[in-house]
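Trainee: Spelled out, the chains give:
Number of protein chains: 4
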Amino acid sequence: MENINKVLGDTVKKSIKIAYIGGGSKQWARTFMSDLAISEGLDGEVWLYDIDKVSAERNKKIGDLIAKNPQSIAKFKYIVAEKLADALTGATFVIISILPGTFEQMRSDVHAPEKYGIYQSVGDTVGPGGILRAMRTVPIYEDFARAIEKHCPQAWVLNLTNPMSICTKTLYDIFPKIKAFGCCHEIFHTQELLVIALRDILGINAEREKIYTDACGINHFTWITHARYQDIDLLEVLPKFIDKYYEEGYFEQKGFDRFAFKTNPFAYGNKLKFNLFRKYGVLPAAGDRHLAEFFNNTWFLKDLDTVKEWQFNCTTVDYRINQMNELICETIEMSEGKKAFPIKKSDEECVALLKAILGFEKIVSNVNLPNRGQMLDLPLGAVVETNCVFTNDSVEPVVSRPLPSEVNNLVLRNCINIETTYEGIKARDLDKIFHAFVNQPLCSTLSLDNARNLFNQMVSNTKEYLKPYFVL
Amino acid sequence: MENINKVLGDTVKKSIKIAYIGGGSKQWARTFMSDLAISEGLDGEVWLYDIDKVSAERNKKIGDLIAKNPQSIAKFKYIVAEKLADALTGATFVIISILPGTFEQMRSDVHAPEKYGIYQSVGDTVGPGGILRAMRTVPIYEDFARAIEKHCPQAWVLNLTNPMSICTKTLYDIFPKIKAFGCCHEIFHTQELLVIALRDILGINAEREKIYTDACGINHFTWITHARYQDIDLLEVLPKFIDKYYEEGYFEQKGFDRFAFKTNPFAYGNKLKFNLFRKYGVLPAAGDRHLAEFFNNTWFLKDLDTVKEWQFNCTTVDYRINQMNELICETIEMSEGKKAFPIKKSDEECVALLKAILGFEKIVSNVNLPNRGQMLDLPLGAVVETNCVFTNDSVEPVVSRPLPSEVNNLVLRNCINIETTYEGIKARDLDKIFHAFVNQPLCSTLSLDNARNLFNQMVSNTKEYLKPYFVL
Amino acid sequence: MENINKVLGDTVKKSIKIAYIGGGSKQWARTFMSDLAISEGLDGEVWLYDIDKVSAERNKKIGDLIAKNPQSIAKFKYIVAEKLADALTGATFVIISILPGTFEQMRSDVHAPEKYGIYQSVGDTVGPGGILRAMRTVPIYEDFARAIEKHCPQAWVLNLTNPMSICTKTLYDIFPKIKAFGCCHEIFHTQELLVIALRDILGINAEREKIYTDACGINHFTWITHARYQDIDLLEVLPKFIDKYYEEGYFEQKGFDRFAFKTNPFAYGNKLKFNLFRKYGVLPAAGDRHLAEFFNNTWFLKDLDTVKEWQFNCTTVDYRINQMNELICETIEMSEGKKAFPIKKSDEECVALLKAILGFEKIVSNVNLPNRGQMLDLPLGAVVETNCVFTNDSVEPVVSRPLPSEVNNLVLRNCINIETTYEGIKARDLDKIFHAFVNQPLCSTLSLDNARNLFNQMVSNTKEYLKPYFVL
Amino acid sequence: MENINKVLGDTVKKSIKIAYIGGGSKQWARTFMSDLAISEGLDGEVWLYDIDKVSAERNKKIGDLIAKNPQSIAKFKYIVAEKLADALTGATFVIISILPGTFEQMRSDVHAPEKYGIYQSVGDTVGPGGILRAMRTVPIYEDFARAIEKHCPQAWVLNLTNPMSICTKTLYDIFPKIKAFGCCHEIFHTQELLVIALRDILGINAEREKIYTDACGINHFTWITHARYQDIDLLEVLPKFIDKYYEEGYFEQKGFDRFAFKTNPFAYGNKLKFNLFRKYGVLPAAGDRHLAEFFNNTWFLKDLDTVKEWQFNCTTVDYRINQMNELICETIEMSEGKKAFPIKKSDEECVALLKAILGFEKIVSNVNLPNRGQMLDLPLGAVVETNCVFTNDSVEPVVSRPLPSEVNNLVLRNCINIETTYEGIKARDLDKIFHAFVNQPLCSTLSLDNARNLFNQMVSNTKEYLKPYFVL
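Chains as they are written, first to last, in the working numbering: chain A, 21 to 492; chain B, 21 to 492; chain C, 21 to 492; chain D, 21 to 492.
Simulated from the structure, these hints should not be mistaken for lab results.
Treat each hint with caution, since some may be false.
No copy is singled out in the list; a pair is fine if it fits within one copy or between any two copies.
Restricting the straight-line Cα-Cα distance to at most 20 Å, the calculated cross-link-like pairs of lysine to any residue (SDA-like) are [claimed, not checked]:
no.: 1; residue 1: Lys483; residue 2: Arg127
no.: 2; residue 1: Lys33; residue 2: Asp251
no.: 3; residue 1: Lys197; residue 2: Pro422
no.: 4; residue 1: Lys328; residue 2: Ala105
no.: 5; residue 1: Lys487; residue 2: Asn345
no.: 6; residue 1: Lys483; residue 2: Glu102
Only chain A is shown next, with the shape it has when bound in the complex (with noise of 0.2 Å):
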């Protein structure tokens, strides 16, 4: 990082410039905002690139009426990038947050699958859905990656794009100097239900923060190993809070009710965490909706049914675009100053992070980096997520205490599938790319024909799209 302080010594405030590329969900972008505006020792500049412009000029005035706001306290300036090179050079942070193609694209990913008998709660990790919007998202990743070390090699990058452990892992592929890591707040979540278990069985009201995870995996399919809240072993805590809610089911995320599963696509009930709690002995940090998508279909996503008595949901395409047709209004309405946005401190913690690398404080909290040494039951360079320590221009990772092995064979089948994936994409290698694609757990139940005949349909779906990088 170049030097970045106004006036040096203490009580110096840091000047930066962060470049935002892709609108994030729309919710996304606003409560980074907000976080940022309520942040102390910061200014500067947030560059804000979108292929949409008109998203990104939306954004702007969210971010010029959040920087008038009495209660903002970081005075940032908003800035709409005409060029991708323009919101990087000289970047302190690049941000990005990119939905890679269309929701006709991602209607291809989730549903198409379907008429196979293959159901997908989520469809943009593994599964056939993951594997084709990797596919979409990789060959951006490549550019991004060049761009960034011609315009900006010493910017720190977060990727809260998925697939996750793909884009991340293409980043450092081509610019192994790359100062990256992924972000995701799915184990933030599982904490919560920590909380909620200690106040539930010993009556010990705790916050999250306080909460200390060891957690390892891939991500969305991470697992903690070790959970504590100050002397207390909250994975011996636990099972009496499971057996308690195992059969109604409990949505721990702040704001919902417990029963918020039975009429939110996007909840659950934790049955099958619970479920496989008990099976293995070590926690799953992921939700529901992302587990169930590691294992063979035949345990969890076999039909609508089965998915229901697991107490999730497959959230289809169809209510997404609502959804983000809402989140647009809502935004527009927002951005021309119709719809107050209240200015607080979200659960999210890129802010918090940023200013740790900045050196403002310590953090250790989950992201994904390429492993080397972290996890030594995994391969050397593939993205893993552990612990990691956020502090003065640097994000290291924590060695993590070894996953039961029955645990690692299930985590690492489906690393090296990611693994095979991106070597594929990587050499714009089909079939390749379909041997990764049947043997995803989430195919199990398909023959080698339908297999072809499902990936074939699914990259004929999507072909606008990958024409540019592959030889269809």
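Once you've looked at the hints, dock chains B, C and D against the given chain A.
Mentor: Only chains B, C and D this time, still in chain A's reference frame:
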């Protein structure tokens, strides 16, 4: 090895003691005795130990007849051992070839899963049958390892029993300094196929022993990455051969018609092997019946029609019983001198390997050993099958060429399942064994509940044999 | 850890039992008791066990006086343990700080090699003295490990004894599930030096605790690869500081003059450290007296003139004896209340680490642990010193940045020597120990015969202590 | 390899093109041509390329005379290549055997260090001489690797030049798919010694080729861990032989008297080897002159008296020059037909290895290859010497038995020095090269300043050769 030379110098006779544990398949024992009889430079004793003493006595009679045969060069004395210790004490070599449990238990291994739509072509290596067979076998091998450590720690141990990998693993885990390896003849048939292709396509006659292959993987799931006759690359010859015979099939084994697979349940048309070679560019080196069991059951073992389409067979236990009864009759006739047993060199390599270890020659052949560098993409310590150099008191693995990553992933998944199976059996932990069970590719279409029910059923079916070792 | 809370909730007092084995350097025990007295949230008992019971009793008296001091927040009871088992049973923490053997034996360690031209500046870590000291220490630590496994397997064990690496290695080798780490304050001084450079060159005042370093290596031979204050790269500030003070030297330790090294045999001018930083671009993080012993003796310890040139000292054992006597007098005076002992926070981190383990906070600090991924360029299982995250019942290593290969080579050579030393002592095999001895960089100028003579002499000098363990 | 058969079938003649780069030692080239002449099944062309064209022409003349000799079976045509590209294009094999630089430069390598008390017995592998020679050689090998990639990427490359490890490393680093290996005959002599011991102690006559050894390490510093003739353990025979000849010495090489070491500066009495075997229990497999250079110079090369005591010699460059002049005279006489050149099978294995690669036979022999599992205790990618299986287009390393840890430490230190030397030369970074220089065991007695002065001096002495590559 102790000094075994009767007279020093080049004309020495090596006088060895062989402990032969179990009867092997009836046929195999005779073949071995015959090969032994015509090998130069050896004499000594063969101690036969079998819990079915009658069987050992029959083999002794055949051995005695062979020894009297004027064609015999090496004079061996055959002795039935009362106790395992008697057979082992002072042994130069130990050969282990047992059938763990009864045919009724094998019937459960092979056929019980059919109720759940799981078909197995062999059922003794991986899949539900492989796991249950391992549960019966490992405890016995723990005893063998301890007995060898006690009575003949310097002896070389040849394992012929399936499941090969886990038997070999047990021996090394219990007695780490053991000099053991696992022998399997599967690769020889694939080499024979290459001989045929060479003649068929290029008109060149070659002996199998002159074919050089580099194969690696795990037992019954090995892959040829390099195959040469002189300076001819056989993997470049193969595609033409495959194009020619893909549709109608080609069974390669000496003494059989190429269409034998249409009538013989142990034969196969190599279509599966051809298909995999086309897909991955490396040639699987086991019989199609074995290969099929390492993939999701939807690929090649979906149902009996699919199996037929792929030109192999699911061997029933009834067929095995009939076959065994015929062999026993034949054995009795031979042991009573009613049926002649022709002495001739077989296609097996065991006697040649023994002689190499005794310092007569150098051989490079494929066997199973714990991984200590020969396959860096698989876990160290796991039992892998690669080329090894056999020579003076020495069996050392050759570092194998790397497999394509998509093939390595297939092998790795099965390899780690075997590791988990072993850990579970060692710990007598049925839950851990079940984790390996449900992760079998052959169990891909099972729901969690069905998998558990099937596992419990198979354990229950074989409980008489398991009871001394497991808390059921 | 057992439940140690008196009252649940945030206002809980943790009631702990500390077993304090050995007297440590007299000074260190007092410092620890003082730090303990002023730490919030704790109370409990400190059991003092020392084979020199008089020394334990003196420490108890000082402890009692501290406890009575109105400044004390944490009330601890001090108890002299009759037996090791009494101290350990039920302990939350075990602190081990022993002097293995007598000063006469240390005299042999340090001075016997001088007859062969081998000078040692400390003589307790590596080099001839380090080896002999290890021979005396490892057998005692074997007993400690067994006793901890028996009496308090859940306790956290802080080792303070040198040779640090081999003591920590012994604990883990004998009792693999032990929760132990080795603590050393050497890096703190180097951090202090960075604070001074920051002030001197840029005029910025910083506290040492706010400096973030990534250091790695083996104890007393660690290297800082990254050092930041906020967003300032301290390794870029350092060269100017070095240029300014290279010739006249700079001793950094708080409470000392920068020229202290001219009169105090424990002090040093950092010239060696400066020189190595210029050479390798990474900053050695131990005192120069320690560093010198890891290189060929021709580099920095050729003779006393060379030592003087490099502005450090070889501490004589006579000096140590005098110093110890003074400390004992002072201790007696303090224990009798004749001399005041001021209670104030020291520079040591032990109490802070204890509190972090109890769940009060998160700390990132450098300690010694077996390598399980944190330094992939050193052997797994060897004890290495890296950053670790200390928090709720958890001490987990952070993966360190790689060292330049030429530095890694220097560290590796010493690291493997320590491994070989340990193997030799464990096997009570004097020949194997000698192989490690003669390969010490400090023995570079010894012929084989002289090395053997020296080794034999040093063994003979200390034979009273070694006899119970070795066949001499 | 391209198809090289003239006629298909078993009676085929392989028609090959050999590119012979450099003259080798004069003697070596002749030996090779002679061995080639009497090998069955081959014919073709040998293209001789030497920057000293006169030398190539002389070799051609000898080659032509050999071809005309009625004893010759394989008819080869000898052609002097004008350009490297001409020699390489279409080559089946490339043999590289160059002298990097002049004898005057070698004089600096070998004798310049003597002013600082550093004696070298050979000076071409490790130590100061090895480093400087590597600096001259690596840049040339970079060019060779590029030329081979361009002109004959399928050719097998035999490297005979020292420093062996670093030449082989360069070839693989520049052109990773190269099919190269480094050949050295040192181990053969140690095998011969074992033959002698067998006859001397047990009265058994054996041919060297029938001795089986497992040796591993790095070139000129390999260790035999297993040695057998038939079922006789030769490492158990050896101690008696050593006891018998330790004091007066025994030089083993065929054609020499056992006391040859008293008069011949290339010979040695094996006392050093005997001593190391007694110390470590494994037998060093290179000549004593080479071995001595891998240890601290105080061990065996302290001064010329010490060398004499150990019964080996430091070969002076004057001696080498004289010897070379004699060889040139002899070569001229031979090339002019004035002196007969007897055609007979030599002790070298090169032609046999070529034939194995062509598919004529299988050979297990020791060569140098990058580590990919054959020695897991040394870094992957470093060039190591182990047994390899030579056969049809294939040279695959055999996994070696582990070395005792104290021996592995000695090897590792030198191995990493070579890695660092290579990195330094590759980066043209004199400082990095110096780090490897000063860490040489042979530089153990040098102060830092003296080491730097010596290095600078040696660079300066050879600057004419280095200038095109380094900024001096």
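Trainee: Would you mind marking each hint as holding or not holding in the structure?
Mentor: Results for each hint:
Taking the shortest Cα distances, Lys483 and Arg127 sit within 20 Å of each other inside one copy (14 Å), while across copies they are farther apart (50 Å). Proximity of Lys33 to Asp251 under the C-alpha cut-off of 20 Å is restricted to the inter-copy arrangement: shortest distance 11 Å between copies versus 37 Å within a copy. Taking identical chains as interchangeable, the C-alpha atoms of Lys197 and Pro422 lie at most 20 Å apart only when they sit on different chains, with a minimum of 13 Å there against 28 Å within one chain. Within a single copy, Lys328 and Ala105 get their C-alpha atoms no closer than 47 Å, and across copies no closer than 57 Å, so neither meets the 20 Å cut-off.
With identical chains, the CA atoms of Lys487 and Asn345 are never at most 20 Å apart, being 28 Å at best within one copy and 63 Å at best between copies. Proximity of Lys483 to Glu102 under the C-alpha cut-off of 20 Å is found in neither arrangement, the shortest distances being 28 Å within a copy and 55 Å between copies.
Hints 4, 5, 6, counting from the list given before, are not met by this structure.
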